[in-house]
Amino acid sequence: MAENAKPRLAIFKLASCDGCQLQLLNLEDELLDIADQVEICYFPEATSQDLDGPYDVALVEGSVTTETDLQRLREIRRNSQTLITLGACANAGGIQALRNTADVEEYTRAIYANPSYIHTLAQSTPVAAHVTVDFAISGCPISRRQLLDVLTALLIGRAPELPRYSVCVECKRSGTVCVLVSAGVACLGPITQAGCGALCPSFHRGCFGCYGPMESANPDSLCQNLMARGVSRAETLRLLNGFAGGSEEFRSAAEKLEKAPL
Amino acid sequence: MAGSPTPRVSATVIFPKPTLQQVLDNLRASGFRLIGPTVRDGSVILGTLEKISELPIGRLLDQKAGNSRLLPTHSADYFACTVGPDSWKRYLFPARSDLLTARRNGDGWIFTPASDDSPPFAFIGVKSCDLHAIALQDEVFVNGTIGDPHYAHRRQRVFMLAVNCSTAASTCFCTSMSTGPHVRSGFDLALTELPDSFVMEIGSEAGSNALAGIDWQPASAFDLGRAAQVTQRTERLIQRQVTTSDLPQLLYERIDHPYWDTIAERCLSCANCTLVCPTCFCSTVEDHSDLNGNRTTRTRVWDSCFILDFSHVHGGNSRPTIKSRFRQWMTHKLGAWIDQFGRSGCVGCGRCIAWCPVGIDITEELNRLRTAGAR
Chain A
1189 MAENAKPRLA IFKLASCDGC QLQLLNLEDE LLDIADQVEI CYFPEATSQD
1239 LDGPYDVALV EGSVTTETDL QRLREIRRNS QTLITLGACA NAGGIQALRN
1289 TADVEEYTRA IYANPSYIHT LAQSTPVAAH VTVDFAISGC PISRRQLLDV
1339 LTALLIGRAP ELPRYSVCVE CKRSGTVCVL VSAGVACLGP ITQAGCGALC
1389 PSFHRGCFGC YGPMESANPD SLCQNLMARG VSRAETLRLL NGFAGGSEEF
1439 RSAAEKLEKA PL
Chain B
2 MAGSPTPRVS ATVIFPKPTL QQVLDNLRAS GFRLIGPTVR DGSVILGTLE
52 KISELPIGRL LDQKAGNSRL LPTHSADYFA CTVGPDSWKR YLFPARSDLL
102 TARRNGDGWI FTPASDDSPP FAFIGVKSCD LHAIALQDEV FVNGTIGDPH
152 YAHRRQRVFM LAVNCSTAAS TCFCTSMSTG PHVRSGFDLA LTELPDSFVM
202 EIGSEAGSNA LAGIDWQPAS AFDLGRAAQV TQRTERLIQR QVTTSDLPQL
252 LYERIDHPYW DTIAERCLSC ANCTLVCPTC FCSTVEDHSD LNGNRTTRTR
302 VWDSCFILDF SHVHGGNSRP TIKSRFRQWM THKLGAWIDQ FGRSGCVGCG
352 RCIAWCPVGI DITEELNRLR TAGAR
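From first to last, the protein sequence lines are chains A and B.
Here this note's numbering is used: the first residue of the first sequence is 1189, the next is one more, and so on.
Here this note's numbering is used: the first residue of the second sequence is 2, the next is one more, and so on.
In case anyone wonders, no lab produced these hints; they're calculated from the structure.
Please read these numbers as outputs of a predicted model, since none were measured by experiment.
We treat Cβ as the ideally placed atom computed from N, Cα and C, and that holds for glycine.
Just so you know, not all the hints are guaranteed correct.
As the list claims (entries may be wrong) - To give a feel for the contact side, a few chain A residues facing chain B, derived at Cβ under 8 angstroms: (1) Gln1225; (2) Glu1349; (3) Tyr1353; (4) Ser1370; (5) Glu1403; (6) Ser1404.
With the sequences and hints as input, model every part of the structure.
So this is what it looks like as structure tokens:
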């Protein structure tokens, strides 16, 4: 970036719900400081300003589901010094990656009156499948605290504090009682990367795995355990295939589970 | 009611159960925050107490490997429930505590240590295994070569009301680790619960003072006999046995055993075992700065040898696999701890067994490793 100039920031979206980029707007107490520290060049959720690249930092939300988006993504990458992906869609294909194991044309015929207008790819793929990603922020949606920490780290040149351990660590630190051990609730916490503050277990729900696999996750063992507790194979697969089903770790565990004899 | 004069230290007294409320009131009046077992979120956690009615009366934790269920019982006992996932370390060595803030000042920095304004705690209902666990953490944080002022500040002000266990969970094995169920030392007050009354041993001057104004009677020889029977019965209830005589050598001789590959297939490396463990003491620090880098806060948080980044050092990670992390945990806890601190790091509370999501049982695994033979 140029001497004394503010870093130029742009926020893009592919196939997604906008929830992740809205977390930037949800940083109500820090938003003015952020706007003071960076030049927001492109952020349609917040401003009509549309400044051309190159950008110092691009935040990219969403997965690649159309040829147009794929071309846009390549353009974004060419125009950006640092590319940071936001959330489960950008990192693992998102919920829309459920179609990766189905016939997308059949879906299109079933839903749209004129399927010929729909130009979509057969698979929903993560950003990293197409371009180099410099840093990934997990979640569905991402945590605004983590987004702030990454932006801060980038601005002052230190390493971001993003955990690579399990959601269980956050449950135990906060004193949330384990829903799996105390109530038999199916929970992906032991294999999912922390960062959400163990939100779902703190409301007595099992973790849905939206932050994706933690470093050195062991989904095979957890799946066997869930099924030994009486969780059906279909339910276990539904959990694995959900938010981060497109991740390598969850996908290969799901494939093994599908092939295993009943 | 005027009550009896305060009992002398090492005396044993008896009073009706509802009178315990007056003891708690005395402690609160002396400025203590009372912490004890309470029912929350389908389990028993250690929280702030005011009334003895908030204790887990008529509840038990039915525990086995990977399972802990809170069930009703017909008993009206106050302290019959065995230990839940929390241990007292949550209050002495908090999961998250600020250490300092640093503020930019011209070309330099101003460092301000964080202040700990927590009130003194009175721990209500500490079981013998947990008393031993606290003594182990004292070794690490207070008596070690580098003292920890944060821990010491909280620890030295604690009032300890210990309890002789009247029940045991299937996960308990304190008798194998010589840590219970009978409370021997390290308490201000130690109670044994009888059907109609509490028998209370006075362990310190502070314990004696906590009984000021209370209508107690000296415990008779018969009362002492009844109280002794409670712990004797509990001892018989403890089924789980662990052989420790061949430790730590057993573990050292099997460092390269193929056994570790098989356990790594089950272990999730989720860290639950170490976080519920009342003796695990590892922590890391996190720095969080503001956007312009003018102010930063350093926070200490619980860490675990199961967390990958724990063993990340310059040049790489010394324990990159689940196998190496599980081996580190078990070999340290049951083995190297003896060389390091003069005794095992395990107090036999059984928390790691119950709260492991996939039910890995450290006692069963030790036996499995023993039978597997040296390699």
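Structure-based check of all given hints:
1. Gln1225: Holds, because the Cβ-Cβ distance from A/Gln1225 to chain B comes to roughly 5 angstroms (cut-off 8 angstroms).
2. Glu1349: holds (5 angstroms)
3. Tyr1353: OK, holds: A/Tyr1353 within 8 angstroms of chain B, min 4 angstroms.
4. Ser1370: Since chain B brings a Cβ to about 5 angstroms from A/Ser1370, closer than 8 angstroms, the hint holds.
5. Glu1403: Hint holds; A/Glu1403 Cβ to chain B Cβ min 5 angstroms, cut 8 angstroms.
6. Ser1404: With a closest approach of 6 angstroms, the A/Ser1404 hint holds.
When held up to the earlier numbered hints, the structure conflicts with none and fits them all.
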